[in-house]
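Chemist: Two chains, each in its own frame: build the complex with the hints.
Each chain, written out:
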Amino acid sequence: MDESLELPNVHLQKPADIVAAEDDEQASDDEDGGLDWTKLLPAALRPVIPKRGEKEYEPRTGTAGGESGLQVHVLERSRAAMFETLKATRTTSSKAISYGIWHPHLARAEVTVMKGIHFSSMGHSAPRQVLDSDGTEKLQKRLELLPEEAIYLIERGSMFCWKESNLDLQQLEGVDGVPMTVQQAYSEMIGTEDLTLEKFQVFAYLKRLGYVVTRTRPPNEHYPTATPLSVAVSSPSVLDRVRRLFGGLASGLRRVFARFDWWHPLNTSTCFLGIRNYGSLFRSLRFIPTGHSVPLNREETNQKDSPYQIFYNLYKPSTPFKKSTPPAPDFQIVVINARTTPMPTLQELTNLFDILPEQPLPLPRQKRLANGSQVEAKPVPSAPAAPLPSTGFCQRLFPWAFPTTAPVTQGRRVNPFMALKNGKKMIVIAVVDAGNIGFFKFSEGAFSEWPMA
Amino acid sequence: MSSSTRDDDERPIPLRVANQKAYVWDVEDVARIRSKYRLCGILAGTLPHLSQQNVFLGIPLVLLPEEVVLLVEQGAAILIDDPAAHKPPSPAQIAQWHAEQTESMKTQLAGIESKNAKESQGGGRALSEEAQRKRKEREERKRAAKAAKALAEGEEASVFTPASEAAPAPVASPSKTEERESSAATPSNTKESSSFFPFQQTSSSATPHTIVVPAPSSSLPWYDPSSCSYSTIDAARAAGVWSYPATLEERARCGVFKSLWEQGYFMGIGIKFGGEYLVYPGDPLRYHSHFTATVLEAPTTTLRPMEIVAHGRLGTATKKAHLLCGWDDDKKEVSYLSIEWAGFG
Chain A
0 MDESLELPNV HLQKPADIVA AEDDEQASDD EDGGLDWTKL LPAALRPVIP
50 KRGEKEYEPR TGTAGGESGL QVHVLERSRA AMFETLKATR TTSSKAISYG
100 IWHPHLARAE VTVMKGIHFS SMGHSAPRQV LDSDGTEKLQ KRLELLPEEA
150 IYLIERGSMF CWKESNLDLQ QLEGVDGVPM TVQQAYSEMI GTEDLTLEKF
200 QVFAYLKRLG YVVTRTRPPN EHYPTATPLS VAVSSPSVLD RVRRLFGGLA
250 SGLRRVFARF DWWHPLNTST CFLGIRNYGS LFRSLRFIPT GHSVPLNREE
300 TNQKDSPYQI FYNLYKPSTP FKKSTPPAPD FQIVVINART TPMPTLQELT
350 NLFDILPEQP LPLPRQKRLA NGSQVEAKPV PSAPAAPLPS TGFCQRLFPW
400 AFPTTAPVTQ GRRVNPFMAL KNGKKMIVIA VVDAGNIGFF KFSEGAFSEW
450 PMA
Chain B
0 MSSSTRDDDE RPIPLRVANQ KAYVWDVEDV ARIRSKYRLC GILAGTLPHL
50 SQQNVFLGIP LVLLPEEVVL LVEQGAAILI DDPAAHKPPS PAQIAQWHAE
100 QTESMKTQLA GIESKNAKES QGGGRALSEE AQRKRKEREE RKRAAKAAKA
150 LAEGEEASVF TPASEAAPAP VASPSKTEER ESSAATPSNT KESSSFFPFQ
200 QTSSSATPHT IVVPAPSSSL PWYDPSSCSY STIDAARAAG VWSYPATLEE
250 RARCGVFKSL WEQGYFMGIG IKFGGEYLVY PGDPLRYHSH FTATVLEAPT
300 TTLRPMEIVA HGRLGTATKK AHLLCGWDDD KKEVSYLSIE WAGFG
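Sequence order for the protein chains is A and B.
Numbering that gives the first Met the number 0 puts the first residue of the first sequence at 0, with every later residue one more than the last.
Numbering that gives the first Met the number 0 puts the first residue of the second sequence at 0, with every later residue one more than the last.
Chain B extracted, bound-state conformation (with noise of 0.2 Å):
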């Protein structure tokens, strides 16, 4: 995935944030925050098609604050006010849309009626041109990497399909879910409302057709966030779109992340173990973490001796070592402390 977007390196990562939140809806993008920054942000959307599990989730990827900051510093990163570059369409735009939708599913429907269903392809999907680009070459890069996954593990490529094939979601074959539900749908529409609707209208002959929700709005021809990027974290506070650091608690958190990650760590999120960040060694997909880490307001923020029992407790029971980091706001310095049981007796 790395070598994919070698000429796009430099473009800086577009967050959309909206509510003070920064999302990431664009899986290039996601991969480069990964891989290039080491930055692993929450996936936080149901996923296509495994719709009702939280194990694994999909787009959007949710950056915790301190890793938009880091980010926007390191000038690898703009923000995107999201509301307000969604701009409302021209006539011409949504027409040109409307087209490309019917002309889509017309390929489809031709399609299907040559094929036999099963062996139809989604081919000519209600994507722009620039997003069915980019999926080709997304298609030929899998296809390479699977062949190289295959020739890596000294398998026989055949005992997979091909990769064209592998093109997500054959229209004959809707996911289980969706067949049960389709099969328990209530067909009764509140409204005489056919008419309004042209894809109902196919729909209610034999053959059905797939209808594809977009997710990323950059492919919309009416998208527009030139006019309201900000490249500094001041400029878009200026603009009210982003407040993060506020405080001085924020501006410690800020501060402790940016250290530890300078260091070559990957930090998670540590709620769950006590902490604010879990401290990687490496990816978090293949290494288990060392730390819990703690941020201290100041070097000298008055500890309790329950604190220390509990961390040191907590820590040898997830194994790991409990890290006390205090910011010194004045210096812009992180010192370290790490807790561990002793371990006699």
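Pulled out of the complex, with its shape left as it was, chain A reads as follows (with noise of 0.2 Å):
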């Protein structure tokens, strides 16, 4: 029944196909292991990513009780297909494999044969005591590798690894150590400078999809960090704790002198200026202090103990990256084991957000025409792009003083969702779940920041 797709042209590695095709009317049953292994064979031929097969819906209780014989043939083949492709070996030819050398001390692999692509987004260079062949030692620059990079590339047949070993070598040419497997690099490498399996995966999946991946905190002085984030948000300076001070005894000062009346919170504003509008009338509503610049009022945890840490740096494929110094990332992702790590708490997550830089708020969707085609894409600058500034301290306390500077658009109005959902703060954690890796974003929404009114 599938004859055309055993044809050695069909094309492969197009992730964009792979999804469509998953994609198809059964998105929802779109479940692990819910492929169709008998398309991807002979290993050794050029292999082919195909459709995925139709399944069942449960074994049909056959003469011998069980699966049917036409069911239990199908799924022979289905798992012979699999266990087949699963035996393709790692082969590389010599002109196109690397070579390097691990040191467990170090928790590095030193890299001695540099071949193909991956070395301009992967390693670092480290100075090292190095042994010359006269004996004495100097301080050498060499580039290596995280356990993460050493392992990926080990584990696509990119690199041959060795394990740095005492043995004397000199008689056997071209041996720099004990051949490592690609077993040995799972059991041995990880678990080093912070590493964990569920790391590796996440790091191993964004590698084959092509991005590039390097740590956030740097594991030493010689790795280069990422430009400092566009939009440094400071912790909160000297300056801002007394503001934070003060704001926090004006409040109370307002309510013993302004008396505060919760049951008539017009008055002051009435008194002043009218309420000419709606609008006016919701902006002196608001008496409560909202936004992502108010303080959680909670104490503080220790945030050295959260597991919810960025971990890594993500740039897309498409990034100009330069290695020794790597631009700002246009991620960041936190990584944890779904097994252990309950939910983020909302200090957690605002502790994270403390630490990313402010993104421009996504520009409104564009709306679509009746007959399908979309409208011109209309640069909307100002709306977006300015939105009301964060209340200060004295208009906070006399909101009645300050003219209106609401992003109210003339005309046309945008329509604000995409901003609300998405906020200026953006943060993704992989969850990992003994293997199974989920994407989630969580994100800052600036509803404080857009007054519906």
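Some clues are possibly wrong.
[Stated by the list, open to error] Derived lysine to aspartate or glutamate pairs resembling EDC-like cross-links, with alpha carbons at most 16 Å apart: (1) B:318 - A:163; (2) B:271 - A:432; (3) B:86 - A:163; (4) B:331 - B:138; (5) B:35 - A:55.
Simulated from the structure, these hints should not be mistaken for laboratory data.
Fair warning: this is a prediction, and the values are worked out from it, not measured in the lab.
Modeler: Here it is, written out as structure tokens:
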């Protein structure tokens, strides 16, 4: 039934196609392992990723009880194809393979032969004491790989790795240590330099998709750090703290002196300015401090203990990436183990958002016309780019004294929901449950900055 | 596949444990675990030659901790402290390995020279004799399987290349990605390293050969798991190799998993469906799952109404019933309750 798929001229490696194939009418049933391995073979020929086969609802009761003969046959075929694919060996031409030496005490793999494009985005140089041929020690820069980078390259058959050894290997030409298998790389490299299997799986997953992945927190001083985030949001400075202190004080004072009446919150405003329209009425009703600049009314938990720490910086494949001076990352990723880590608390999320940069608010989605064609993308510059500036101390104290600055667009109303939903800060959390990776996006919605009225 | 290793069937499956995770590195073992013990695990590795996609992953198979506990309790598997099993080789062993490598390289080069490069086989690979024997067996089986398949489908066997030629990756045709990479490669080496690498040296000549990055360690002569194998969970726990299950929650998961497994179900990971497991009536390769199972630590666990609504809603949307599995830690029993949207209106 699938002869056409077994022809070698079917092309592979088009993630979009795969997704599309996966995404047909059975999208909700798109379970793991739901793939038809019969279409994948033979491994030695140019492999082809096929469309998924149709699954059945349940084993039919055959004559022997259990599955029917046909079902058993089809299952056997699928399994055989799957196992056959798994048997593919990592063969690489000697012209394309790199070599490395794993140093367990450093938790780094030193690259001795560099081949391929991987090294334009992987590895960093570090000065190390090396023994020269004449016995003198000297400082030399060399290219080193983090454990996840080393495993990834070994696993995809791009690097042959030796393990540092004190055996006398002088007479063995070309042997720089004990040859390592992929299995040994998994066993010995995971667990070093903060690397867990979950973190490696996320790393490999993203690398297979073509992203450039680096560590957020440099594991040593030689590791290049990313460009400081575009809009550095400071941790509360002294000035901030003073302001916050006075803010608290002021609101206390206001309560005492202004005799703020919870039952008639509009008294003061009406005295001075009067209510001209609904807008000003709603604004004067906004007397509870809102927004993400208002500190959480909670005790600071120890930030170091939280598993919610940013671990990887992520660059889109299209981002021009320079290894020695990486640009500001496109995304930042937290990796957690679903089996041991509960949902993040509000405090944990706030701590994450505190160190993240502010992104510009997304442009509102373009409306679709009735005939399905997209409206010519009209830039809507002013509205989303300049939302309501965070209310200052005086402004909060005397809201009626300030003219309105709400981002009310003249003419066409902009649909604000994209901005409300995405907000200015975003973090991706990779949740790994025993090898099953899910990516979740947490955004800090910008509701206080887009008052509806 | 299931008929292939009949004589091997009694041998306990070695699970290589490192950092409290259990890996399976041998495809024969993966096949046995799947076919005989109805456990799937999760494939975690990059598939060779298809290394830029996430749809089909390869060896190693990472087992869920519940699956590991089940297999070991059934006496079907032993736990191996993998880092400890990688012993340092003796000078003689490494010399032997080097000799084999050089030999295989020479065979390859000779083969390439004598034959047309396009027809050359990747013969005399960098594998030990043991592995070569195994591969021959595999090829034998593959040929048989293929013949059977062709017969069953009533197709011309000649449509396919003969199985003997289907041996992995002919030297002369590296995959497209590799070609691209090597052409884009920066040939700059940081070190004067060519003298250290005979492989490298020969590659500077016109004929490249194939280098194999071995996956399982079992073929290495210095890999010795005998002194660090544990046949029970308790023994492995005492040695600090394996600690699951340690808490009531983990015991409940193991209990529920085992109970469902004993009833003939296959289990997959259910985190994307709002539960612990997906419960399949047969191999997930061929069948849809019927249930999403949630493990409750006790039959008296309190449920919030919102959970029931959420489970019902999600279950309906994904054409599954939600299964609440209450574990009774005293009686070691599981009670089941399923939630389904009633189909009125």
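Chemist: Work down the list of hints and note, for each, if the structure agrees.
Modeler: Hint check results:
1. B:318 - A:163: Not OK: residue 318 of chain B and residue 163 of chain A at ~54 Å, beyond 16 Å, violated.
2. B:271 - A:432: Judged against 16 Å, a Cα distance of about 10 Å means the pair holds.
3. B:86 - A:163: Holds, at roughly 13 Å.
4. B:331 - B:138: violated, 46 Å
5. B:35 - A:55: Given that 16 Å is the threshold and the Cα spacing comes to 21 Å, the pair is violated.
The structure is inconsistent with the numbered hints 1, 4, 5, although it conforms to all the rest.
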